[in-house]
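Residue numbers (our numbering), protein chains in the order written: chain A, 17 to 316; chain B, 755 to 1021; chain C, 530 to 938.
None of these hints come from the bench; they were simulated from the model. Because the structure is a prediction, the values reported are computed rather than measured. Accuracy of the hints is not assured; some may be wrong.
From the structure, some residues in chain C lie toward chain A, with a derived Cβ separation under 7 Å [what the hints assert, rightly or not]:
#  : residue
1  : M530
2  : M531
3  : V554
4  : V563
5  : P718
6  : L720
7  : V730
8  : I740
9  : N744
10 : A752
11 : E859
12 : A861
13 : F903
14 : P915
DSS-like cross-link-like pairs, simulated, lysine-lysine; straight-line CA separation at most 27 Å [unchecked claim]:
#  : chain 1 : residue 1 : chain 2 : residue 2
15 : A       : K310      : B       : K835
16 : B       : K761      : B       : K813
17 : B       : K902      : A       : K315
18 : A       : K104      : C       : K560
19 : C       : K619      : A       : K104
20 : A       : K310      : B       : K813
Glycine is no exception: its CB is placed at the ideal position from the N, C-alpha and C atoms.
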Amino acid sequence: MDYFLELFCSGLTRGSIYALIALGYTMVYGIIQLINFAHGEIYMIGAFVALIVAGVLTIYGFSGFSILILAMLIAMIYAAAYGYTLEKIAYQPLRNAPRLSPLISAIGASLFLQNYVLLAQTPDFLPFPQLVPDFAFMEPIAHIIGSSELVILVTSAISMVALTLLIKYTRMGKAMRATQQDMVMARLVGINVDRVISVTFIIGSVLAAIGGVLVGSYIGQINFYIGFMAGVKAFTAAVLGGIGNIPGAALGGLVLGLAESMAAGYISSAYEDVFAFGVLVLILILRPAGLLGKAVKQKV
Amino acid sequence: MADAPRKLLEVRELTMDFGGLRAVDSVTLEVCENEIVALIGPNGAGKTTFFNCVTGIYKPTRGEIMVHPPGGQSRKINGFKPNRVTEMGMARTFQNIRLFQNMTVLENVMIGRHCRTRTSILGAIMRSPGVTREERETIDRAYALLEKVGLVDFADEFAKNLPYGAQRRLEIARAMATDPFLLLLDEPAAGMNPQETRELDELIVRIGKEEGIAILLIEHDMKLVMNISDRIYVMEYGKKIAKGTPQEIRSNPKVIEAYLGEGEEDA
Amino acid sequence: MMASMKRSILVALWFVFLTFPLMVVRVNTLKNTVEWRWLNMVWVFVGAFVLHNLWRWALDKRQKSRKKAELEDGAEADLHIGQRLLQEPKLYRPFLLGLAVVALLFPWVLDVYQVNIMVLALIFVVLGLGLNITVGLAGLLDLGYVAFFAVGAYSYALINQHFPALGFWSCLPIGGLIGAFFGIVLGFPILRLRGDYLAIVTLGFGSIAKIVIENWEEFTSGAKGIANIPRPGLFGIDMSIEGATIYTYYLMVLMVLFTIFVTNRLKDSRIGRAWMALREDEIACVAMGVDMARTKLSAYALGAFWAGAVGVMFAARNTYINPNSFTFMESAIVLSIVVLGGMGSIVGVIIAALVLILMPEYLRAFADYRMLVFGAVMVLMMIFRPQGLIANVRKTYAYRRAERGENHG
Ligand SMILES: Nc1ncnc2c1ncn2[C@@H]1O[C@H](COP(=O)(O)OP(=O)(O)O)[C@@H](O)[C@H]1O
Ligand SMILES: [Mg+2]
């Protein structure tokens, strides 16, 4: 039973990270129908910035929660900046291009960012400092759920609630929903669509950075390539939930995380990544609209 | 009109739903040999959706689409893929022009011959005399059609570089290349100037009357419709609200209320 | 002028900010030391300033050429030098002749090492031409193309282990056919997917293939790979390594020629036109009577065929294979070859393959930046020259007015 609970908790943890990253995919896809292939790289850059900030702060004598908070904040700011710049360079000039052009551009951007970090930092794995301390009150159940896992669950939950509120109640949220429904119409009624797109990228990037920092601290090491698998899995989660659908991304992330964790725990972990890809392929083939999405017919 | 004319297309109670929206609601329509039939109605009436159902692009929710090809077997074509429908002999054009932009004008028409030619992958690699002959025939037929629509001089241009009106005519030539017995034209005059529309008018009549290809036509240009159609169907909010000869339609109060009043102005 | 200067400076400062933590700071979390590389900051500033000006200039130019194209209403805006070279027999005949001489003499002038690299480049030429069928002509973005390459390589390695009697020459077509078979099997379920989803699913297939090869030890020897794969044979004659390499080189040249011949014929045929129509507009294509399933599958299968066949070559050249030769990176390289060369353009793809594979080998300094540059190339090509270095020129046909048939309807 404990084993199951442990798997369940680690599944939830993974799942909430997938969900955090998946939100970025889903929001961008919802608005400009682009698979932002470089989104995983933003997540990776978030983790790297946090690592660097944490490293510098440790050396200069900071400790405890102040490191976590500062590293997280700066990582979020940088991820936002990278996401914004990425969109301006690689996607905005391709607004009216054939559909595959921005996707190829996205793949290029992803390769570029990976290798940029490889060259600027290191090709090796870097040990990531443990930013989350082990809480004393977690002691009795530490064999089932660790402190880091708890922090991940709580932080992701808060982030998602915040996102939901933002989209539901703010002016920008309304503009985002309008743009998602019909970009041309939104532009006609005076919404600055380019700004909405920028903000979408920024929000998605911030969420990805949160995920990156939490994962780095949880797993304990990062390298320039972690964004690729995380990106694919998060995209799987987004598709699973129904791409373009925000609660769907959260649901998809949790389902995928749990399924993966169970499969790794009870079957075999060698094929863990095949599992995610398998889910992705099956969903796209069998129910491309995802769990919560509605099937739409292309207008002719 | 001595004998009862032979039916080519018979659509019965066709219905198409998109989620909660009933875009086409129980529409019955037929087209006979040598006929030019128009389908009119305000924007959003469901005309294009009707075409999409008939040509296999959407699978209708309900209803029956019967095709009686001349010299062929009658068939119910619900659920047929678009290419099967085209192979049976019904070809269409699109309201929002859908040419193969980065192919030449001639190649666009040659695609229309695809379903009437046989060259396989191996054949294309080997290029036997038979294949070369078929290719030559394809080219000749494509040129002949370009001549018909007046685009021979543009044969080697990319389709995307054609002026708007020419693109519409190219769509017609491409559809004609599939050897249809029924041609479905979706707003062929949209965006054309009066001169171009007049030429189109002649072209359609020539295709319909001289070559004996039946035509089902969606069009907003009332003058064109009244000029060339034998019969007219009127749709509104997915429903068929009237049918008859141009005279009957002109004086049908329902139609006047629904459509003609505003339609004549923006035509 | 002043304003644009100010803008460039602002942009440069923005990039200084952006790259600061990654380019300037480097921490060693084990030894607790920080390295500050302030000089990088200067480079970023200067680089960003220059690049921003170039970027604006290029965007301006793009804008203008689009306007011009609209005004001139279709007149071919600019026939690229490359295209002119290709269209004028007087120009390209001597060019081809020269190329042939170079290709023939190449192994006799340079050493084995260089020849071996050239073989690799030619392998990528074939891969590029194969993927060009799927992506360039049919418009099906395949991000897992390397899987078929792996299938071919492993087919040869495994067939050789279990049925050594078959030999290289039977394995070459078998590898191709197995590749094509996988192309059809994998292509079948994804026929209905939209372009971008299809890309992601093929990425999945590619990754799954690699993971399976890595983990299915009994069958594929897993991560340690398969060694002692025989080189191509020549009537059982024993050859020195040099001899075998040169022989492989000539085989590769022949294979490239054969690939060019086949793809060229397909391109301007009923089949090739259907592929292109599918790429241009799927709905219009099926509405004009083209069978979508058949057309897509044939494009998939043919692309995969070349990958499989050249995979056999690859295994024979290396005499050793392991899963690491078949990662997403290889798929990305082949894709950038197609993108850089020009989708659908055979000459473009050949040039791009040679440039992208040979450049890092000869410019060692460049080697580290290889993937960085490939990534940038993909982005920049999409923005500034989506048709590739050498745009695909469409064949034109003569009009035979007298003989046209008028009997239809
Ligand atoms: N693929 C689709 N999904 C949802 N609604 C659609 C789709 N295609 C058409 N509609 C709706 O069906 C109605 C009829 O559209 P259409 O057939 O294009 O009208 P018409 O051609 O007569 O102007 C419209 O309300 C339109 O919005
Ligand atoms: Mg319409």
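Outcome of the hint check:
| no. | hint | verdict |
| --- | --- | --- |
| 1 | M530 | 23 Å, violated |
| 2 | M531 | 23 Å, violated |
| 3 | V554 | 5 Å, holds |
| 4 | V563 | 6 Å, holds |
| 5 | P718 | 5 Å, holds |
| 6 | L720 | 9 Å, violated |
| 7 | V730 | 5 Å, holds |
| 8 | I740 | 5 Å, holds |
| 9 | N744 | 5 Å, holds |
| 10 | A752 | 11 Å, violated |
| 11 | E859 | 12 Å, violated |
| 12 | A861 | 6 Å, holds |
| 13 | F903 | 6 Å, holds |
| 14 | P915 | 6 Å, holds |
| 15 | A:K310 / B:K835 | 23 Å, holds |
| 16 | B:K761 / B:K813 | 22 Å, holds |
| 17 | B:K902 / A:K315 | 31 Å, violated |
| 18 | A:K104 / C:K560 | 38 Å, violated |
| 19 | C:K619 / A:K104 | 45 Å, violated |
| 20 | A:K310 / B:K813 | 17 Å, holds |
Of the hints listed earlier, those the structure fails to meet are numbers 1, 2, 6, 10, 11, 17, 18, 19, in rising order.
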